[in-house]
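Engineer: Okay, here's what each chain looks like letter by letter:
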Amino acid sequence: MTNETKSQAVIEAKGLDLTFQTNDGPVQALSDVDLTINKGDFVSFIGPSGCGKTTFLRVLAALERPTGGSVTVNGVSPDEARRQRAYGYVFQAAGLYPWRTIARNIKLPLEIMGFSKTEQEDRVKNVLQLVDLEGFGGKYPWQLSGGMQQRASIARALAFDADILLMDEPFGALDEIVRDHLNEQLLDLWARTEKTIAFVTHSIPEAVYLSTKIVVMSPRPGRISDVIDSPLPKERPLDIRDTPEFLEVAHRVREGLRAGHAYD
Amino acid sequence: MRSLMAVLCVVGVIVAIWYAACVPMNIKGVLTEAERGGAIVTPEGAKDRRDIAATRLVMDNSFAIPATWAQDRPRLPAPHQVAIELWQTTVMKKITSKRSLVFHAWVTLSATLLGFAIGTGLGILLAVGVVHSRVMDMSVMPWAIVSQTIPIIALAPMIIVVLYSIGVQGIIPKAVISAYLSFFPVVVGMVKGLRSPDMMQLDLLRTYHASKAQGFWKLRLPASMPYLFTSLKIGIAASLVGAIVGELPTGAVAGLGARLLAGSYYGQTVQIWSALFAAAILAACLVGLLGVIERATLRRMGMA
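Residue numbers (our numbering), protein chains in the order written: chain A, 4 to 267; chain B, 2 to 305.
Bear in mind the hints are in silico, worked out from the structure with no lab data behind them.
In this text the structure is predicted, and so the values were computed from the model without any measurement.
Keep in mind that the hints are not guaranteed to be accurate.
To be verified - Taking lysine-lysine pairs in the DSSO-like style, the calculated list, with each CA pair at most 27 Å apart, reads:
{"hint": "1", "chain 1": "B", "residue 1": "Lys193", "chain 2": "B", "residue 2": "Lys234"}
{"hint": "2", "chain 1": "A", "residue 1": "Lys142", "chain 2": "B", "residue 2": "Lys219"}
{"hint": "3", "chain 1": "B", "residue 1": "Lys219", "chain 2": "A", "residue 2": "Lys120"}
Said to hold, decoys possible - From chain A, some residues computed to sit far from chain B (all C-beta separations above 12 Å):
{"hint": "4", "residue": "Gln24"}
{"hint": "5", "residue": "Thr70"}
{"hint": "6", "residue": "Asp125"}
{"hint": "7", "residue": "Arg195"}
{"hint": "8", "residue": "Pro208"}
{"hint": "9", "residue": "Ile243"}
All residues carry an ideal CB built from backbone N, CA and C; glycine is no exception.
If we strip away everything but chain B, and leave its shape as in the complex, we get:
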C-alpha cells in the first residue's frame, strides 16, 4: 500500500511538471490564435511578442493558460490530450482501420517479434561458439562489440536499401534491424551465463568423465538461465526500437514508426506523442511478459 502511494506520488509529480511545461511551450501559439479571435493580448502583435520570454507572456496573459492545454496542434500536448488520442485511436477504432494504433502497433510488433526471435537465436548460437572455441572468442566478440558502436539510425537505411536491391522487402528488413540490435545483449549475457559454473563444478564433471555436450546440457545451459532472461528483457526492448527505426527511412505507411513520421510531416504532435506512448506501453508489456515467463521458468527449475 505504501509503495503504491509512492508510485502514484511520482506519477503525479511527473504529470504536474508536464502540465506546467505546456504553458510556456504553447503560450505564443495560443496568444496568436486568441488575438485573431479578438481577445486583448499584451503586448499586441505576434511580431512584438516574438522576442519576449515565454514566462513573461504567461504572467501578462494569465487568461490564456487553460487554452495552452487545449490546442489543436500544440508544441507540447497536455497529458489528457495524449490520453484522449490514445483512447480514440485504440479502443474507439476498429483494429483493421488505418487510423487504429492497435493496427500500427501490431505491424511493428510482428517485426519486433520476428527480429527478436532471430536475434535471440543468433545470440545464443554465437555465445555457445564463443564459450566453446577460443578462436570464436577472439574473432566474434570484437565484431559484436564494434557492431553496436555504429548508430542504428545510420545503418538502417543501408540495410533496407541493400535488402531491397536483392528483392527482400516487407517485414524482413525491419526484423533484420531488430535482430541486429537484440542479438548483442543476448551474446554478452549468455557468454557470462555459460561461463558462470565455477572450477569445482567443472572438475566434478571431469571426475565423471562427462563429455563436453553433457557438460553443456546438464551444467552450463541450466546455469545460464537467469542470465538469459536478463538479456532477453534488454533484447526485446532493443528489438522494438529496431523495428521502429526500420520504419522511418522507408516512409513506411504502417507501423508505429510510420505514425511518428506522418505526425512530424503534418505537425500532428498529439499523434506523435500518442505513438511514442503506444511504443512505451508495448515495450513495458513485452518486458513484463518476459518477467512472468522468467519467474515461471525459474520456479519450475527450483531456483526462485
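Same shape as in the complex, but just chain A:
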C-alpha cells in the first residue's frame, strides 16, 4: 500500500504485435511484447538492429500503430497521450531548425502548444540550465558542437514538462567521451526531474549505467528476451562501471543478447 504511488504503471503493453507490410511481404517488427514501465523508471531497450526497440518507442509515441495487442500510456491510448502532450521525444539526430536560435528552437513546442510569451521565456531559461547550456540561447545550431546540439534537443523535449521522456539512441552519433559526459548529465537530470524515461540504445555499458530496468530484445520477430531489474543504487558515479555488480548486470545483458541470436 505504501509503495502504491511509487510503482504506478505509466506504460503498459500486453501481447503487442506490429507487422509492417513491405514490398517483400509482411515483416513482423514486434511480436507478443508484454512490458510494464512504472513511474520514475529509467528503462533501456537494448538489442541488435531490427529487434524492434525503436519501433516499440514509436508505438508509445503513436508514430506507429500496433496491429495487435494493447498498449496504454498514462492509462490512455498512445494517440490520446500524444494529444495530451504526455511525452517528449528525442531523436537520434538533434534535428534543430537551422533558422532558429537555440532558445527559439526550444520555444518551438511551446509556441505550438500555446504557452504565453513570458511563460516561454521562463521555461527556456529553466531547461537551458537543466542541460547546462546557459548563455547559448542566442546561438545558432551550427555554432554548437554535436553534443551541445543533442543537449539542446533534450532541452526542447523537456521544455513543456511532460512526465515521460522517450529517447531513441540520442547519443548514438556522438563519440565515447562526449557520450560518457552526457550519460552522467542525463542521470543527474533524471534524478532532479523524476521523469519516466524510455531509452533506446545499442551500447551495453550505456544501458547498464543509466537504467533501473533493462529490456533485452532480439530480432526476427522483434520480441523481449529478458527484462533485468538493475540492483545498482540510484546514485551512480561514472566509476561504478568498474564494480562487480555493474559487470554482473552487463554480463547478464550480454547473455540475453546472445540467447536472442541463437534463434537465427
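Following the hints, complete the assembly by docking chain B onto the known chain A.
Structural biologist: Structure of chain B alone, referenced to chain A:
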C-alpha cells in the same frame, strides 16, 4: 585579384573574337561602299565578289579592315559601336524621350515586375496546394509541365489576341506572358522546398500534436526559403524574356521588344544589339538584386 584577372581575361577574349568576326561579316558591304567612293578593290565589281569567300576578300583588301568596324549599318556591329549607341541612348538622352533606352527598358521592366509578381504568387500558391493535396499533385503538376513545352513565341500572339478581344490591353497581356513563363520554376522549386523537411522533422511535429498550418508556417515554409530564392532568380530572367516576347507580336511602340522589332524593320543592327545588351544588363541587375535580397534574408534567418 587573381579572379578579377581571370574574368577580365575571358571578357578580353570574347571582345577580341567579336572584333575578329566583324571583319569577314562586314567586308562585302565595306568593299561595295569603298568602290563607290573610288577606291581600288580586288576583284572589281560587287557581282564578281558575291561568290568569293569573305576571308579571301579580307586578305586581298586588307586596307578595308578598319572600315568593317565603323559602318553605319553593319551586319555585325563592333563592340565599341554598340557601347557608343548604349551610351548615347541611355545617358545622353532624356529618359522621357522615345529614343531613350532607359524609357524603353522601364516599359519592359514594369511588365516584367508585374508578371513576376503574378507568376511568383501563383507559383507559391500552386506549390502549397501540390504539397498538401494529393489530388492537386496529380492534376496540377502534369499541366504545369505541359505548359512549358509550348513555345512562348507561338502562344504569345494568341494570349494577346484573346485578351484584346475581351478588352484587356496595355501592360496586362505582357505581364500575363511574363507570369506564364515565371510561375513554373517557382512551382518546381517551392514544391521541392516545402517537401525538404525529412521524416524526423515531421515526426517531431507530430509528437507535439501540431496542426497542419503550424507545420507549414514553422517548418515547411522556412525550410523552403533557399529553394525559393533559387527559383526566383530563374523566374525573374524568364519574366523579362516573357515581357520582351509579349512586345513583339503587337508591334508595340515602346519597350525593349519594340526596339528590337523597329531595329530589324529598318536594318538598324546597332540598335538591335544595344537593345539586346540593355535586356541582358537589366536581367543581370534583377538577378543580382535578388541575390542581395537572398543573402540578407538567409543571414537574418541565421542560415548563411
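Engineer: None of the hints should be skipped; say for each whether it holds.
Structural biologist: Against the structure, the hints come out as follows:
In summary, the hint linking B/Lys193 to B/Lys234 is supported, as the alpha carbons are separated by about 16 Å, within the 27 Å threshold. In summary, the hint linking A/Lys142 to B/Lys219 is supported, as the alpha carbons are separated by about 19 Å, within the 27 Å threshold. Proximity of B/Lys219 to A/Lys120 is assessed by CA-CA distance (about 17 Å); at most 27 Å being required, the pair is judged to hold. For A/Gln24, the shortest C-beta to C-beta distance to chain B comes to about 18 Å, beyond the 12 Å cut-off, and the non-interface label holds.
Every beta carbon of chain B lies more than 12 Å from that of A/Thr70, the smallest distance being close to 19 Å; the non-interface claim holds. For A/Asp125, the non-interface assignment is confirmed: its Cβ lies about 19 Å from the closest Cβ of chain B, beyond the 12 Å cut-off. Against the 12 Å criterion, A/Arg195 stays outside the reach of chain B, whose nearest CB is about 23 Å from its own CB. Distance check for A/Pro208 against chain B: the nearest CB is about 26 Å away, which clears 12 Å, and the non-interface claim stands.
The claim that A/Ile243 is not at the interface with chain B holds, since no C-beta of that chain comes within 12 Å of its own (minimum 32 Å).
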